[in-house]
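Mapping of the sequence shown onto full-length UniProt numbering: position 87 corresponds to residue 87, and the numbering continues sequentially without gaps.
In case anyone wonders, no lab produced these hints; they're calculated from the structure.
Check the hints yourself; a few may be wrong.
[Said to hold, decoys possible] Mimicking DMTMM-like on lysine to aspartate or glutamate, the simulated pairs with C-alpha atoms at most 25 Å apart in a straight line are:
1) K147 to D180
2) K147 to E179
3) K147 to E134
4) K138 to E152
5) K39 to E155
6) K39 to E61
7) K147 to E62
8) K40 to E53
9) K138 to E68
10) K40 to D159
11) K147 to E61
12) K163 to D126
13) K2 to E179
14) K128 to E114
15) K128 to E183
16) K39 to D180
17) K177 to E97
18) K89 to D26
19) K163 to D121
20) K69 to D26
21) K147 to D99
22) K69 to E46
23) K2 to E62
24) K163 to E97
25) K177 to E155
26) K2 to E47
27) K148 to E179
28) K89 to E62
29) K148 to D172
30) K138 to E179
31) K148 to E97
32) K39 to D26
33) K147 to D136
34) K138 to D121
35) K148 to D180
36) K39 to D121
37) K39 to E62
38) K2 to D26
39) K40 to E68
40) K148 to E68
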Amino acid sequence: MKLGLIMLAAGNSRRFGSNKLLYGIDGMPMYRHILLELKKVKAALEEQGHRCEITVVTQYEEIAQEAEKLGARFLYNLHPDEGISSSLKIGLRFNREMDACLFTVADQPWLRWETVFGLVDVFLGDRKGIACVEHDGKTGNPCVFSKKYYGELMELSGDVGGKRVVVAHRGDVAVMKVEDGREMVDVDFSDGRRRGTVWFVLGLRRGLASKTPEIC
(Lines of atoms letter the chains of each structure in order from A; the text may use other names.)
(Lines give C-alpha, C1' and ligand atoms only; values in the text may rest on other atoms or scores of the structure.)
Protein backbone atom coordinates (compact mmCIF):
# COMPACT_ATOMS: atom_id res chain seq x y z
CA MET A 1 0.00 0.00 0.00
CA LYS A 2 1.06 3.57 -0.68
CA LEU A 3 0.41 5.66 2.43
CA GLY A 4 0.86 9.38 3.03
CA LEU A 5 1.75 10.46 6.58
CA ILE A 6 0.71 14.11 6.78
CA MET A 7 1.54 16.34 9.74
CA LEU A 8 -0.37 19.62 9.98
CA ALA A 9 1.85 22.25 11.60
CA ALA A 10 0.66 25.63 10.35
CA GLY A 11 -1.56 26.88 13.17
CA ASN A 12 -1.24 30.42 14.57
CA SER A 13 -1.44 29.37 18.26
CA ARG A 14 -3.39 32.49 19.22
CA ARG A 15 -4.66 31.04 22.50
CA PHE A 16 -1.22 29.87 23.50
CA GLY A 17 0.25 33.37 23.29
CA SER A 18 3.25 32.37 21.14
CA ASN A 19 4.14 29.67 18.62
CA LYS A 20 3.33 26.63 20.74
CA LEU A 21 4.79 24.26 18.16
CA LEU A 22 8.25 25.59 19.09
CA TYR A 23 7.57 25.32 22.82
CA GLY A 24 10.08 23.04 24.48
CA ILE A 25 8.77 19.82 26.01
CA ASP A 26 11.13 17.15 27.31
CA GLY A 27 14.10 18.88 25.74
CA MET A 28 12.84 19.50 22.22
CA PRO A 29 10.25 21.61 20.37
CA MET A 30 6.74 20.23 20.59
CA TYR A 31 6.34 19.54 16.87
CA ARG A 32 9.57 17.51 16.73
CA HIS A 33 8.11 14.82 18.99
CA ILE A 34 5.46 14.00 16.39
CA LEU A 35 7.88 14.23 13.49
CA LEU A 36 10.26 11.74 15.07
CA GLU A 37 7.40 9.36 15.86
CA LEU A 38 6.24 9.52 12.24
CA LYS A 39 9.74 8.56 11.09
CA LYS A 40 9.49 5.43 13.24
CA VAL A 41 6.08 4.65 11.78
CA LYS A 42 7.43 5.07 8.26
CA ALA A 43 10.34 2.74 8.95
CA ALA A 44 8.09 0.07 10.47
CA LEU A 45 5.61 0.19 7.60
CA GLU A 46 8.32 0.08 4.96
CA GLU A 47 9.72 -3.03 6.62
CA GLN A 48 6.35 -4.60 5.85
CA GLY A 49 6.64 -3.62 2.20
CA HIS A 50 4.47 -0.51 2.21
CA ARG A 51 5.51 2.71 0.53
CA CYS A 52 5.27 5.75 2.81
CA GLU A 53 6.07 9.43 2.58
CA ILE A 54 5.99 12.01 5.36
CA THR A 55 4.64 15.44 4.44
CA VAL A 56 4.75 18.42 6.79
CA VAL A 57 2.46 21.38 6.10
CA THR A 58 3.62 24.50 7.90
CA GLN A 59 4.00 28.26 7.75
CA TYR A 60 7.17 28.21 9.85
CA GLU A 61 10.67 28.16 8.37
CA GLU A 62 12.21 26.39 11.37
CA ILE A 63 9.75 23.50 11.08
CA ALA A 64 10.25 23.28 7.31
CA GLN A 65 14.03 23.12 7.70
CA GLU A 66 13.83 20.43 10.37
CA ALA A 67 11.42 18.39 8.26
CA GLU A 68 13.86 18.50 5.37
CA LYS A 69 16.76 17.45 7.62
CA LEU A 70 14.76 14.43 8.75
CA GLY A 71 13.94 13.39 5.20
CA ALA A 72 10.34 14.60 5.10
CA ARG A 73 8.73 16.66 2.39
CA PHE A 74 7.56 20.09 3.52
CA LEU A 75 4.88 22.30 2.04
CA TYR A 76 4.16 25.89 3.00
CA ASN A 77 0.70 27.07 3.93
CA LEU A 78 0.74 30.77 3.06
CA HIS A 79 -2.85 31.26 4.22
CA PRO A 80 -3.14 29.58 7.65
CA ASP A 81 -5.89 32.02 8.64
CA GLU A 82 -8.18 30.06 6.31
CA GLY A 83 -8.34 27.33 8.94
CA ILE A 84 -7.17 23.77 9.36
CA SER A 85 -8.92 22.71 6.16
CA SER A 86 -6.39 24.75 4.18
CA SER A 87 -3.48 22.74 5.58
CA LEU A 88 -5.35 19.47 5.16
CA LYS A 89 -6.01 20.18 1.49
CA ILE A 90 -2.45 21.31 0.78
CA GLY A 91 -1.12 18.07 2.22
CA LEU A 92 -3.67 15.96 0.42
CA ARG A 93 -3.14 17.67 -2.92
CA PHE A 94 0.46 16.46 -2.95
CA ASN A 95 -0.49 12.94 -1.88
CA ARG A 96 -3.33 12.22 -4.29
CA GLU A 97 -1.46 9.23 -5.71
CA MET A 98 -1.43 7.52 -2.31
CA ASP A 99 -3.93 4.76 -1.55
CA ALA A 100 -4.64 6.33 1.84
CA CYS A 101 -3.50 9.29 3.92
CA LEU A 102 -3.00 9.55 7.66
CA PHE A 103 -3.43 13.03 9.14
CA THR A 104 -2.02 14.11 12.47
CA VAL A 105 -1.53 17.45 14.19
CA ALA A 106 1.81 18.69 15.52
CA ASP A 107 0.76 19.55 19.07
CA GLN A 108 0.20 16.10 20.57
CA PRO A 109 3.70 15.57 22.00
CA TRP A 110 2.83 12.38 23.88
CA LEU A 111 1.43 10.50 20.89
CA ARG A 112 3.44 7.28 20.52
CA TRP A 113 4.58 5.80 17.24
CA GLU A 114 3.20 2.43 18.32
CA THR A 115 -0.27 3.98 18.49
CA VAL A 116 0.02 5.47 15.01
CA PHE A 117 1.37 2.19 13.63
CA GLY A 118 -1.44 0.32 15.35
CA LEU A 119 -4.02 2.64 13.80
CA VAL A 120 -2.67 1.91 10.33
CA ASP A 121 -2.76 -1.80 11.14
CA VAL A 122 -6.43 -1.50 12.14
CA PHE A 123 -7.16 0.41 8.94
CA LEU A 124 -5.55 -2.30 6.82
CA GLY A 125 -7.12 -5.16 8.73
CA ASP A 126 -10.69 -3.90 9.00
CA ARG A 127 -10.84 -2.80 5.37
CA LYS A 128 -12.91 0.23 6.27
CA GLY A 129 -12.53 3.51 4.41
CA ILE A 130 -11.66 5.51 7.54
CA ALA A 131 -9.86 4.73 10.80
CA CYS A 132 -9.61 6.90 13.93
CA VAL A 133 -8.25 6.56 17.43
CA GLU A 134 -10.70 6.65 20.32
CA HIS A 135 -10.46 7.21 24.06
CA ASP A 136 -13.33 7.25 26.52
CA GLY A 137 -15.87 7.18 23.70
CA LYS A 138 -14.38 10.16 21.84
CA THR A 139 -12.63 9.87 18.50
CA GLY A 140 -9.62 12.01 17.74
CA ASN A 141 -6.35 12.34 15.89
CA PRO A 142 -4.67 10.81 14.06
CA CYS A 143 -7.08 9.58 11.39
CA VAL A 144 -6.62 7.61 8.19
CA PHE A 145 -8.74 8.16 5.07
CA SER A 146 -8.78 5.94 2.01
CA LYS A 147 -8.53 7.44 -1.44
CA LYS A 148 -12.27 7.24 -2.00
CA TYR A 149 -12.75 10.10 0.48
CA TYR A 150 -10.20 12.49 -1.00
CA GLY A 151 -12.89 14.32 -2.97
CA GLU A 152 -14.94 15.06 0.15
CA LEU A 153 -11.87 16.15 2.08
CA MET A 154 -10.93 18.57 -0.69
CA GLU A 155 -14.36 20.18 -0.39
CA LEU A 156 -13.84 21.18 3.26
CA SER A 157 -13.44 24.86 4.05
CA GLY A 158 -12.64 27.12 6.99
CA ASP A 159 -11.68 25.70 10.36
CA VAL A 160 -13.41 22.39 9.65
CA GLY A 161 -11.41 19.18 9.66
CA GLY A 162 -12.04 15.63 8.59
CA LYS A 163 -14.54 15.05 11.38
CA ARG A 164 -17.29 16.13 9.00
CA VAL A 165 -16.38 13.27 6.67
CA VAL A 166 -16.10 10.83 9.59
CA VAL A 167 -19.57 11.74 10.87
CA ALA A 168 -21.05 11.41 7.39
CA HIS A 169 -19.72 7.86 7.03
CA ARG A 170 -19.92 6.32 10.52
CA GLY A 171 -20.60 2.91 9.05
CA ASP A 172 -17.27 2.94 7.25
CA VAL A 173 -15.12 3.91 10.25
CA ALA A 174 -12.77 1.54 12.06
CA VAL A 175 -11.81 2.55 15.59
CA MET A 176 -8.66 1.84 17.57
CA LYS A 177 -9.02 2.34 21.30
CA VAL A 178 -6.23 4.21 23.08
CA GLU A 179 -5.64 3.40 26.75
CA ASP A 180 -3.73 6.55 27.69
CA GLY A 181 -5.88 9.57 26.88
CA ARG A 182 -2.89 11.91 27.06
CA GLU A 183 -1.80 10.64 23.66
CA MET A 184 -4.86 12.30 22.13
CA VAL A 185 -4.45 15.61 23.95
CA ASP A 186 -2.96 18.72 22.40
CA VAL A 187 -1.16 21.35 24.45
CA ASP A 188 -3.06 24.60 24.64
CA PHE A 189 -3.18 27.78 26.68
CA SER A 190 -6.66 29.26 26.94
CA ASP A 191 -7.07 30.64 30.45
CA GLY A 192 -5.49 34.00 29.63
CA ARG A 193 -2.78 33.77 32.28
CA ARG A 194 0.85 33.61 31.27
CA ARG A 195 1.74 31.27 34.10
CA GLY A 196 -0.94 28.90 32.86
CA THR A 197 1.30 27.66 30.06
CA VAL A 198 3.65 25.70 32.28
CA TRP A 199 0.79 24.61 34.54
CA PHE A 200 -1.10 23.21 31.58
CA VAL A 201 1.84 21.22 30.26
CA LEU A 202 2.47 19.74 33.70
CA GLY A 203 -1.24 19.29 34.24
CA LEU A 204 -1.53 17.05 31.21
CA ARG A 205 0.91 14.63 32.76
CA ARG A 206 -1.13 14.54 35.96
CA GLY A 207 -4.44 14.19 34.20
CA LEU A 208 -5.53 17.65 35.36
CA ALA A 209 -6.48 19.14 32.03
CA SER A 210 -7.10 18.04 28.50
CA LYS A 211 -8.29 19.18 25.12
CA THR A 212 -8.67 17.17 21.94
CA PRO A 213 -7.77 19.00 18.70
CA GLU A 214 -9.93 18.58 15.64
CA ILE A 215 -9.10 16.88 12.48
CA CYS A 216 -11.39 14.03 13.32
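- Task: Starting from K39, check that the Cα of E155 is at most 25 Å away, please.
- Result: violated, 29 Å
- Item | Restraint status (C-alpha distance of K148 to E68 at most 25 Å) | Not OK: K148 and E68 at ~29 Å, beyond 25 Å, violated.
- Message: Against the 25 Å threshold, does the CA-CA distance of K2 and D26 hold or violate the hint?
- Response: Between K2 and D26 the Cα gap is close to 33 Å, so the pair fails against 25 Å, i.e. violated.
- Query: K2 and E47: Cα distance at most 25 Å?
  - Reply: Distance of about 13 Å is within 25 Å: holds.
- Item | Hinted pair K148 and E97, Cα distance within 25 Å | With Cα atoms ~12 Å apart, K148 and E97 stay inside 25 Å; holds.
- Message: Between the alpha carbons of K148 and D180, is the straight-line distance 25 Å or under?
- Response: Roughly 31 Å separates the two Cα atoms, so the pair is violated.
- Does E62 lie within 25 Å of K89 when you go C-alpha to C-alpha? Holds, at about 22 Å.
- Proposed proximity, E68 with K40 (alpha carbon, max 25 Å): Since the Cα atoms of K40 and E68 sit roughly 16 Å apart, the hinted pair holds (cutoff 25 Å).
- Would you mind confirming whether the straight-line C-alpha gap from K148 to D172 stays at or under 25 Å? Measuring from Cα to Cα gives roughly 11 Å; hence the hint holds.
- Message: For K163 and E97, compute the direct alpha-carbon distance and say whether it is at most 25 Å.
- Response: holds, 22 Å
- Query: Is the hinted pair K177 and E97 satisfied, with a Cα-Cα distance of at most 25 Å?
  - Reply: Distance ~29 Å between K177 and E97 Cα, so the pair is violated.
- Query: Is the Cα-Cα distance between K147 and D180 25 Å or less?
  - Reply: This hinted pair is violated, its Cα atoms lying about 30 Å apart.
When each numbered hint is compared with the structure, violations occur for hints 1, 2, 5, 7, 9, 10, 11, 13, 17, 18, 23, 25, 27, 33, 35, 38 and 40.
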